[in-house]
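Colleague: What follows is the residue order along each chain.
There are 2 protein chains.
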Amino acid sequence: MSKKVTPRSQDYSRWYTDVVQRAELADYAPVKGCMVIRPYGYALWENIQEALDRRFKATGVQNAYFPLFIPYSLIEKEAEHVEGFAPQLAVVTHGGGEKLEEPLVVRPTSETIINTMFSQWIQSYRDLPMLLNQWCNVVRWEMRTRLFLRTTEFLWQEGHTAHVTAEEADARARQMLDVYTDFAVNDTAIPVVPGRKSDSERFAGAVRSYTIEAMMGDLRALQAGSSHFLGQNFARVFGTQYLDPDNQLQHVWQTSWGVSTRMVGAMVMVHGDDQGLILPPRLAPTQVIVVPIGRGDEGAEARAAAHALADDLRVPGVRVHVDDREEYTPGWKFNEWEMKGVPLRIEIGPRDLAAGQVVLVRRDTGEKAPVPLASLGERVPALLDDIQRALLDRARAFRDAHTHQVADYAEFQRVIEDPGGFIAAPWCGDAECEAAIKDDTKATIRCIPFEAPGAAGVCMRCGEPAVEQAVFARAY
Amino acid sequence: MSKKVTPRSQDYSRWYTDVVQRAELADYAPVKGCMVIRPYGYALWENIQEALDRRFKATGVQNAYFPLFIPYSLIEKEAEHVEGFAPQLAVVTHGGGEKLEEPLVVRPTSETIINTMFSQWIQSYRDLPMLLNQWCNVVRWEMRTRLFLRTTEFLWQEGHTAHVTAEEADARARQMLDVYTDFAVNDTAIPVVPGRKSDSERFAGAVRSYTIEAMMGDLRALQAGSSHFLGQNFARVFGTQYLDPDNQLQHVWQTSWGVSTRMVGAMVMVHGDDQGLILPPRLAPTQVIVVPIGRGDEGAEARAAAHALADDLRVPGVRVHVDDREEYTPGWKFNEWEMKGVPLRIEIGPRDLAAGQVVLVRRDTGEKAPVPLASLGERVPALLDDIQRALLDRARAFRDAHTHQVADYAEFQRVIEDPGGFIAAPWCGDAECEAAIKDDTKATIRCIPFEAPGAAGVCMRCGEPAVEQAVFARAY
Numbered sequence: 001m002s003k004k005v006t007p008r009s010q011d012y013s014r015w016y017t018d019v020v021q022r023a024e025l026a027d028y029a030p031v032k033g034c035m036v037i038r039p040y041g042y043a044l045w046e047n048i049q050e051a052l053d054r055r056f057k058a059t060g061v062q063n064a065y066f067p068l069f070i071p072y073s074l075i076e077k078e079a080e081h082v083e084g085f086a087p088q089l090a091v092v093t094h095g096g097g098e099k100l101e102e103p104l105v106v107r108p109t110s111e112t113i114i115n116t117m118f119s120q121w122i123q124s125y126r127d128l129p130m131l132l133n134q135w136c137n138v139v140r141w142e143m144r145t146r147l148f149l150r151t152t153e154f155l156w157q158e159g160h161t162a163h164v165t166a167e168e169a170d171a172r173a174r175q176m177l178d179v180y181t182d183f184a185v186n187d188t189a190i191p192v193v194p195g196r197k198s199d200s201e202r203f204a205g206a207v208r209s210y211t212i213e214a215m216m217g218d219l220r221a222l223q224a225g226s227s228h229f230l231g232q233n234f235a236r237v238f239g240t241q242y243l244d245p246d247n248q249l250q251h252v253w254q255t256s257w258g259v260s261t262r263m264v265g266a267m268v269m270v271h272g273d274d275q276g277l278i279l280p281p282r283l284a285p286t287q288v289i290v291v292p293i294g295r296g297d298e299g300a301e302a303r304a305a306a307h308a309l310a311d312d313l314r315v316p317g318v319r320v321h322v323d324d325r326e327e328y329t330p331g332w333k334f335n336e337w338e339m340k341g342v343p344l345r346i347e348i349g350p351r352d353l354a355a356g357q358v359v360l361v362r363r364d365t366g367e368k369a370p371v372p373l374a375s376l377g378e379r380v381p382a383l384l385d386d387i388q389r390a391l392l393d394r395a396r397a398f399r400d401a402h403t404h405q406v407a408d409y410a411e412f413q414r415v416i417e418d419p420g421g422f423i424a425a426p427w428c429g430d431a432e433c434e435a436a437i438k439d440d441t442k443a444t445i446r447c448i449p450f451e452a453p454g455a456a457g458v459c460m461r462c463g464e465p466a467v468e469q470a471v472f473a474r475a476y
Numbered sequence: 001m002s003k004k005v006t007p008r009s010q011d012y013s014r015w016y017t018d019v020v021q022r023a024e025l026a027d028y029a030p031v032k033g034c035m036v037i038r039p040y041g042y043a044l045w046e047n048i049q050e051a052l053d054r055r056f057k058a059t060g061v062q063n064a065y066f067p068l069f070i071p072y073s074l075i076e077k078e079a080e081h082v083e084g085f086a087p088q089l090a091v092v093t094h095g096g097g098e099k100l101e102e103p104l105v106v107r108p109t110s111e112t113i114i115n116t117m118f119s120q121w122i123q124s125y126r127d128l129p130m131l132l133n134q135w136c137n138v139v140r141w142e143m144r145t146r147l148f149l150r151t152t153e154f155l156w157q158e159g160h161t162a163h164v165t166a167e168e169a170d171a172r173a174r175q176m177l178d179v180y181t182d183f184a185v186n187d188t189a190i191p192v193v194p195g196r197k198s199d200s201e202r203f204a205g206a207v208r209s210y211t212i213e214a215m216m217g218d219l220r221a222l223q224a225g226s227s228h229f230l231g232q233n234f235a236r237v238f239g240t241q242y243l244d245p246d247n248q249l250q251h252v253w254q255t256s257w258g259v260s261t262r263m264v265g266a267m268v269m270v271h272g273d274d275q276g277l278i279l280p281p282r283l284a285p286t287q288v289i290v291v292p293i294g295r296g297d298e299g300a301e302a303r304a305a306a307h308a309l310a311d312d313l314r315v316p317g318v319r320v321h322v323d324d325r326e327e328y329t330p331g332w333k334f335n336e337w338e339m340k341g342v343p344l345r346i347e348i349g350p351r352d353l354a355a356g357q358v359v360l361v362r363r364d365t366g367e368k369a370p371v372p373l374a375s376l377g378e379r380v381p382a383l384l385d386d387i388q389r390a391l392l393d394r395a396r397a398f399r400d401a402h403t404h405q406v407a408d409y410a411e412f413q414r415v416i417e418d419p420g421g422f423i424a425a426p427w428c429g430d431a432e433c434e435a436a437i438k439d440d441t442k443a444t445i446r447c448i449p450f451e452a453p454g455a456a457g458v459c460m461r462c463g464e465p466a467v468e469q470a471v472f473a474r475a476y
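Protein chains in written order, with this note's numbering: chain A, 1 to 476; chain B, 1 to 476.
Okay, chain A solo, but in the shape it has when bound (with noise of 0.2 Å):
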């Protein structure tokens, strides 16, 4: 299989796809919409599950497993919650070769299955919060896919979580938002912009919807992680109450969050290029790729250092891997962990070694440069760093560069077509407005930044007096 991919400037889309197949992150499944996310995609999956996981447990989450069957009388009881997840549901008619009573919804989220074992666990405010979180895979029906971006079974994380008041469950839902804005600007080193949801683009049975969003490398926004303040709607229609110190029922407050399998997509499309995948060191399965030089006996002394050294950087932690294979030439091996986007590549030939010397290349850069052998164990983990403050340095430079402002509604048009990315605007905070911004130009409130300049002046397209300041952009 030829390793070249379409040139991101010739077609954004294929190269994406060509990317993720060819460094065999995933591979289509014979099921319509669904993936197969192979051994390498799923090294860095695992790295993302650690990174996350290690996290939330710091805030006090505990994992679960709730089933996959949801009973469609549980999923129709809130009410905009079902009318948000209706079109997307798979639904399980027959089981054990028999016509089920009830059909069953394969959980495209699990907030009604959830707050029904809530409803039976949570008795006194000594129960409280509660707060967990689930490894699982889900289901949503989708008619246009792509790997990793929006396939119809995808694995994610959901947490949830039922508290005291309002404003604990609040200060959770921004809790774990940072929780995730942090591992994306340090893990994934993806500069993301946090903020909340407009209340049309709100989770289906959310009071108020979080996210943090980021520009792919196309300059199209991805939402990349949500968290939710679900006030009681759930608790309502399910009975999630409890016994406060005085002895009353209330219903909980609660929140959900989640991120998915997408990640993967989005380290991707931010910092891929056309020779493939570039990974940021703290998630890459492998960090250093070493290849000898030269076969037979002519290797032989190369192929002991270049063991030997790989050994001396795993005491530290370094994830590393010597490519010894002789069946393919250092040329082949050299594109192949391009491809997979290692960050760090150490040659070692018969030369270097006579010179007490490897060559050091970096896979952002491409710069080589010889090092003595003498000096790796110091210089491996502060290039790895240096790799990973880079990516992240030149993600935040790219997103910025390619974020505008605009003084009226003719300019954004424009802006949006040409050359698109994200532009910050005041708006009026009225749906309708929010819709006709869609219908005109395909661009989408991506959220109201936590952090933005306050609204002075008046909404960018009607005219009105503004309330906030929003991020628009075309999004995934």
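Fair warning: there could be bad hints in the mix.
Under the rule of at most 35 Å between Cα atoms (straight-line distance), these lysine-lysine pairs were calculated in the DSBU-like manner [unchecked claim]:
id: 1; chain 1: A; residue 1: Lys4; chain 2: B; residue 2: Lys57
id: 2; chain 1: A; residue 1: Lys32; chain 2: A; residue 2: Lys333
id: 3; chain 1: B; residue 1: Lys32; chain 2: A; residue 2: Lys32
In short, the hints are calculated from the structure, not lab data.
Got chain A; can you put chain B on it based on the hints?
Modeller: Same frame as chain A, but now just chain B:
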């Protein structure tokens, strides 16, 4: 809620369900046959996953993820496979509001969908062996269910490998059974009998199935893990082929192997008692519970000392929790943590502190002894090792005491009825004879142990020459 459970001697089955629910391992879901795994049960499952995953990866296995849904036409391809699983399938007939052209099966196991992908990924002998595993949920429609032991949906891992030769594949199936045996014996403290399944108990589609069989507290057998040599059965119908070094197309030889959340149920039944769970230290989410004695100001010093000693124990990696809740009495807490099976309890009160000691209580034996505070760092890890060993020894002695040899079929029928347990007996190897034994006694061949005395003499039932020694039991 009363923390008392039904005594084992009174109703073993109710005892089991009581313990699982009162220890908050799991709960019934509002979906027939499904369960919710609660945080304490899920923490145990996470430890099981970690212990197995580490062993898998050490043998070169990589994780991946395959779709939940399998088109019906795929599951039908291997005749014996679909015959075995058809009665247990859950079928999705509608998606996105429309009737599907082809119904989708919710995976009961993934040989068929994985072979579909293997047939694309495997081209050359250089691609072999392919060694994959996935952690996922599967669905098998069940009429009579029991928490952890038999539920419509359960969590498991399923390994799938492809090889160049039959010998290599069979050796891999045996290797993974060795991994399961090592895990069962050393981590779950359950002494298992590893062996081969009789043909009638083979996995649907396998050439040969291997199993580890454990004896539960009620003397019934439980299959705790299995691995299968699939031959070329799936490879032939899915066209999973590779080019050998002579450029000839060859079908691969395959294996599959799995362990599920059932393992949690096995630990409950093997180690638990009328006070609740007893967890093996290696897998216990909390290994040591520290209970400071004394409320308010009186207990302040004990609470501070409790947290200090817990911090000290965490340094060498002991999983320790301090229960300093003020709203419960020490006695209530002792019962609670006994129910949850925490291996070691440390009680620390003002008088203990004055004497520079604490009280250490073992969950498995109830032994209670004062221990100098200064020696805890040494004593606790040693005691945890002791408990781990003692649980295995006790379970092995129990199993051996309830494993019988019989002279003839009359004795077999008497013993299987009372006292029950495992019966090792020579067998003719004939499936009809095996079926007659099952009809007569409800006992099945659990396995033909790898380490069995040779089969001298005649079949204990039919008197024909014996071909091997089998272990019979009534089973879950």
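Colleague: Each hint should be assessed against the structure and marked as holding or not.
Modeller: Checked hints:
About 31 Å separates the Cα atoms of Lys4 (chain A) and Lys57 (chain B), which keeps this hinted pair within 35 Å; it holds. Straight-line distance between C-alpha atoms of Lys32 (chain A) and Lys333 (chain A) comes to about 34 Å, which keeps the hinted pair within the 35 Å bound. Using a Cα cut-off of 35 Å, the hinted pair Lys32 (chain B) and Lys32 (chain A) holds, with the two alpha carbons roughly 28 Å apart.
Hint compliance for this structure: no hint is broken.
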